[in-house]
Structures are given as structure tokens and as C-alpha cells.
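Number of protein chains: 2
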Amino acid sequence: MGVVVKLAGARDPKARLAPLVALVEEDMVHVNRIILDRARSNVELIPELARHLIDSGGKRLRPMLTLAAAKLCNYGDDGHVRLAASVEFMHTATLLHDDVVDESNLRRGKTAARLLWGNEASVLVGDFLLGQAFKMMVDVGSLGALRILSDAAAVIAEGEVMQLITAKNTETTEDDYLAVIDAKTAALFAAAAEVGAAVAERPKSEAAALRSYGRNLGLAFQLVDDALDYSGEPSMLGKSVGDDFREGMITLPVVLCYRRGTSTERAFWERTLKEGDSDDDDLAEAMRLMARHNALHDTMERARHYGSIARDALAIFPESEPKAALLETIEFCVDRPF
Amino acid sequence: MGVVVKLAGARDPKARLAPLVALVEEDMVHVNRIILDRARSNVELIPELARHLIDSGGKRLRPMLTLAAAKLCNYGDDGHVRLAASVEFMHTATLLHDDVVDESNLRRGKTAARLLWGNEASVLVGDFLLGQAFKMMVDVGSLGALRILSDAAAVIAEGEVMQLITAKNTETTEDDYLAVIDAKTAALFAAAAEVGAAVAERPKSEAAALRSYGRNLGLAFQLVDDALDYSGEPSMLGKSVGDDFREGMITLPVVLCYRRGTSTERAFWERTLKEGDSDDDDLAEAMRLMARHNALHDTMERARHYGSIARDALAIFPESEPKAALLETIEFCVDRPF
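Read top to bottom, the protein sequences are chains F and G.
The numbering used here puts the first residue of the first sequence at 502, with every later residue one more than the last.
The numbering used here puts the first residue of the second sequence at 502, with every later residue one more than the last.
The shape of chain F in the complex, shown without the other chains (with noise of 0.2 Å):
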């Protein structure tokens, strides 16, 4: 069941990340630096939480992303490495949120904050490294950054809000979906970008291009995700298969199905997720379901179209390394398999 999604020519699709990492490489350095630097407090519970989110890793995407535009921006000075670790307390503190709110028990392969430090400690240690990322932003001093950084956290808790409410409501449209992810997942990927052309002071036209870039990734991104949580290889996901089912998460691929099934199949839909009753045969069926009418696949191709539009986002800019490293990184978002 694990294969439901073939990645065409997956060769090693770590490799499609390889420019991206290499270009960055220097500034990560500054970048990880700050972070534990910032994530320091004389409430030692505070660093001891942090760090247990810290650690154990994740992609770092975001931040790269900033760093690699404000390259592609041919920025000279180093506030860029500064807005790339506020770029990655607002996502960490968003997660820490998160799992309080989804009741996670897994967060990147460790057991969630929540369930060692509390739902409280969660909440608040979430508050402290935004108001860190805040005071970073500041530290900087470009207003145009902050303008899109300040945003992006207000649409974001928007986002997470309206998939609360769509939560388990198996009738949730494409478009509504859609509209949640933009918000709760894009608008981060978005302003990551962004504000690597707005800290260059560069021209509207290429800030928005990159906003566009980083939307359309955050978009394929989050549809890749979908999909990967019904087909991928738990040890890579650092997830086990299935948690969005067992959440019952509202994710594309359900949507899909629901859509185009019989009637007896929207009641096991239905049954599973909004009622929450569910067991491993259930996985194994929602993912027969998926096969049947082709809902990874199609999710996958959906990710694609926005993976397009991305590419031609960045089609104003001439060719160079981070452009190069950029679009590259698409390749890894559409194709990845963790």
C-alpha cells in the first residue's frame, strides 16, 4: 500500500535539494546559531522545549528560502540571516500551537511538546519564540519585512482557524481546502521569499515574483504532504502512514474521493473521519479508496500545476546559481518523498 504513488524518476530526490542546501550553507550556519541563541531564557523550561523541537530537525525549508532569495536579490548585508530565523521561530511557534490545537502525539518523529511539557508550556513557549521572531524582525529594521512577516502571522492564525472549522466536515469543497492550506501553510512560504526581496529594497515587481514563487511552493508543498501521509515510507516521513486519517484531517486526496464515490463509500468517509470511528482496516480501505479513484495521483498532479506556476514566477530574473537552486527546489517539493 505503500507505493500507491510511483515519484517518475525519483532517482535520489534529496539530490533535487542539493543546490539549494549548498547555497545556503554558509549563512545556515549563522542562521542555526541564532536560533539557539534566541530560543535561550533564564526559564529553563523554555530553551528545554525549544530545543526538543529544535533538534530534532525538520528541512529547515523556509529559512532557506530566504536566504536564497535575498541572493537571488543580490543583497550585500546580513540581516537576511536574522529575518531567516524569525522566519523559523514563526513556523516553529505555529507547530508548538498546532499540536496543542490537533492533539498531536508525534511532531517530526519525537514525541510532541504537549504530551511532555503540557498543552500550557506549549502554548506559552509557542508565544515566547514568536515575540522573539518579532524582536529579530525589528533588529533589523527593515518596515517593508516586517509589514509582510507581521501579515503573514495574522493570516496563518486565520488559516489554522478556518481548518478548525472545516475539521472532519467530509463535504469540504476543493476550492475550501484550498483556501485553508493558502493561508495556513502558503502564507509562510510566501513571505519567507518575500521578505529576501523587501530586506534588498528591491523593485515591487520582484518581490511580488518571489511572493508568487514562494505561495505556489507553500501550495505543492502542503499537496505533497497530503498525499506522502497515504503513501510514504514512514521511516522517511518521520510519521507513521495515516496519521491525517486517524486525525481525521480533511486533506485533498479525502477530498477527491468523497467527491467522485458512491454513496456507500461518502458514508465509510462519513463514518471514519467525521465521526472519528476507526481502526488499521479502515486505513487499509480509505487507502484502496485512493487507488480506485486515482486520488493521489491526482493530488500529486494538482501539486505539479503549482509547482508550474512557481517556475514561471521566477521567470523574470536572470539565470543564476540561486534562481538555479530555487527552481530546483520545486523539483524536490513535487517529487520528495519525506
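The set of hints was computed from the structure by calculation and includes no laboratory data.
Heads up, some of the hints might be wrong.
To be verified - Taking lysine to aspartate or glutamate and the DMTMM-like style, the derived pairs with C-alpha atoms no more than 25 Å apart in a straight line are:
| hint | chain 1 | residue 1 | chain 2 | residue 2 |
| --- | --- | --- | --- | --- |
| 1 | G | Lys669 | G | Asp780 |
| 2 | F | Lys705 | F | Asp683 |
| 3 | F | Lys775 | G | Glu545 |
| 4 | F | Lys775 | F | Asp799 |
| 5 | F | Lys515 | F | Glu822 |
| 6 | F | Lys669 | G | Glu545 |
| 7 | G | Lys705 | G | Asp578 |
| 8 | F | Lys669 | G | Glu822 |
| 9 | F | Lys705 | F | Glu820 |
| 10 | G | Lys824 | G | Asp799 |
| 11 | G | Lys705 | G | Asp780 |
| 12 | G | Lys669 | F | Glu832 |
| 13 | G | Lys705 | F | Asp640 |
| 14 | G | Lys705 | G | Glu549 |
| 15 | G | Lys775 | F | Glu545 |
| 16 | G | Lys775 | G | Glu822 |
| 17 | F | Lys775 | F | Asp744 |
| 18 | G | Lys669 | F | Glu549 |
| 19 | F | Lys669 | F | Asp778 |
| 20 | F | Lys515 | F | Glu526 |
| 21 | G | Lys824 | G | Glu702 |
| 22 | G | Lys515 | G | Asp528 |
| 23 | F | Lys705 | G | Asp640 |
| 24 | F | Lys669 | F | Glu786 |
Unchecked claim - Label pairs and their calculated CB-CB ranges:
| hint | chain 1 | residue 1 | chain 2 | residue 2 | range |
| --- | --- | --- | --- | --- | --- |
| 25 | G | Glu672 | F | Arg541 | 51 to 61 Å |
| 26 | F | Leu537 | G | Asp676 | 55 to 65 Å |
| 27 | F | Leu616 | G | Glu545 | 27 to 37 Å |
Glycine included, C-beta positions come from ideal geometry on N, C-alpha and C.
Using the hints, position chain G against chain F.
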């Protein structure tokens, strides 16, 4: 038992707030309009939940401080209005997250939002309001004000985590407790007053004076709050007497009683607060112990001490209507019945 603290000379304590209210009345109309406007969202749950809290009012003391401080500094533009609204949003976001952390059932005399809409919505709408607060600050464009308020955001979260750690610890010292309220309450009062000088681009000495005024006013305000929880009139408090006791909160009256008490009394505090095993008879006993050890009286004395520091902090400013209003606000804070 409700009159343990006799409020010396408190004829009409509301009258003490009247000069401040009159001073900022016109600006507060704009602040209130901005607050309603910025709590809007296409995601219906957001304005619904935000208005539940906004309509229940509260004193709006913090935004009034920002407005009055700006007037004291002869600020001539309109940025102070949006900064005041930002301060109130930061406060509201903290209340929402606080309720999740404390598992509170009442807030400002109304059912806590978390009980009506769930913890998830309280976390996320708090995040949304915080995002909106930062957007408004960015609109004003004062990097000085942004620095002050983003610092405060991080410190407040640190204070909340500290409180989480000291919670139910009856051995908390007065210094430990002061560190908690310094961060969780006084930091926002300090920032609210200081941004008035920052937006008016006044010299450091005036910013520092307003910061010190706000900080000490905040400490006094919180200490009186602590005393009122064991002595106030429920109809004026908007909450029940004894809420802190029932939630096992360690506040200064408890710190004093515990330290001054016999070993039997200490065992009482450990059972009721640390182990959370208490009923109404225990609350009555707690109030008797507070009377025996002068705990409420001395908590009010401590509040007056910080009130005096706040008063002296403003001494560098020449006499004016805003100064008089800010000084009278100290009297309100140390002598208020609600």
C-alpha cells in the same frame, strides 16, 4: 470576611480614574473603533470570539496609559491611537492564552471563551490578535515602539512560563513572585506607557521615566488584584472571591501567610494549594489566616510602595493635565475595589 482590607479614604474610587478617562475620551473612541475593525475576519469564528472578550470590556487601562503618555509627551500625530489598540490586543491575546493555561472558567465576569469555543479556538484567535497587533504597530512605522512592544511580548510569555513553574509551589519567595508579576503583568504596563514617549520621539530620560512609571504601576495593580481576590466584592470584581485560592495560585498574600505561619498552617497551605484539596470552609480558613498575619494589609502596603516609585518616576515632567491624570491613576490602582 469581605472587608479585611479597609480601603483607606476610598470614597469613590472610580473618581480617581475619572481624570484619565476624561483626558483620553476622544482618542478612546478611535481606539475602540479600531479594535472592532481589526477583530474582523472572513473566518466568522474570529470576530465572534474576539467580540465576546472585547464587549465584556474591562477597564482598558493599558491603552489609556499609552494615550495619556503620548499626550504627556506632546505627541501631535495619530499613531498613538493604533499603538493603544495594539497594546489592548496584546493584552487580549494574553488573556485568551492564559485561560487555556489556567483552565479558567470565568473571564471578566463572563464564561471564558475556551469553554464556549474550545481551547483550540482560544489559542488560535489569540495568535490572530497578536498578528493584528504587530500589523498595526508596523503601520505606525515607529521602530522604537516596535522594539518596546516586541520585547514586551517575549517577556510576558517568559513570565507566564515562570508562573507555570512556580504554580502550586508554596515555598515561592516574595522575590520569586515579584519576578513573575514583573514579567507577566508589569512588562505590558511599562511598554504601554513607554511607547507614548517612543512614538513622540522624546529623549531617553522621558522614555525611561514613563517605563518606570508603567512598570511600578503594573506591580501595584497586580498586588491589589491579588489582595482583592481574597477580599473584594464579587459584584465589582466580575469574578468570585477565592478564585485564585481554588485554582491553587500562589500570590503574595499566600507567600506572606505561608512564611509567617506555623507548621500546621503551612501544612494547610500545602494541602489546599499544592495538592488542590480544598472546599469553601478552607477558603474561610484561608481568609482567617490572612487576617491573623496581616497578609492582605501588607500586600496593600507593598502595592503602595510601588505606587510611590511610580509617582516619583514622573517627577521630571512639568505639571500638566496628563501628568495629573497619570498620578491620580496610581491612587486608583492602589485603592480600587475592582
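Evaluated hints:
no.	hint	result
1	Lys669/G with Asp780/G	holds (16 Å)
2	Lys705/F with Asp683/F	holds (21 Å)
3	Lys775/F with Glu545/G	holds (21 Å)
4	Lys775/F with Asp799/F	holds (23 Å)
5	Lys515/F with Glu822/F	holds (18 Å)
6	Lys669/F with Glu545/G	holds (18 Å)
7	Lys705/G with Asp578/G	holds (20 Å)
8	Lys669/F with Glu822/G	violated (57 Å)
9	Lys705/F with Glu820/F	holds (19 Å)
10	Lys824/G with Asp799/G	violated (28 Å)
11	Lys705/G with Asp780/G	violated (51 Å)
12	Lys669/G with Glu832/F	violated (53 Å)
13	Lys705/G with Asp640/F	holds (18 Å)
14	Lys705/G with Glu549/G	violated (41 Å)
15	Lys775/G with Glu545/F	holds (21 Å)
16	Lys775/G with Glu822/G	violated (47 Å)
17	Lys775/F with Asp744/F	holds (15 Å)
18	Lys669/G with Glu549/F	holds (21 Å)
19	Lys669/F with Asp778/F	holds (12 Å)
20	Lys515/F with Glu526/F	holds (15 Å)
21	Lys824/G with Glu702/G	holds (18 Å)
22	Lys515/G with Asp528/G	holds (20 Å)
23	Lys705/F with Asp640/G	holds (18 Å)
24	Lys669/F with Glu786/F	holds (18 Å)
25	Glu672/G with Arg541/F: 51 to 61 Å	violated (26 Å)
26	Leu537/F with Asp676/G: 55 to 65 Å	violated (29 Å)
27	Leu616/F with Glu545/G: 27 to 37 Å	holds (32 Å)
Taken one by one, the earlier hints fail for this structure at numbers 8, 10, 11, 12, 14, 16, 25 and 26, listed in ascending order.
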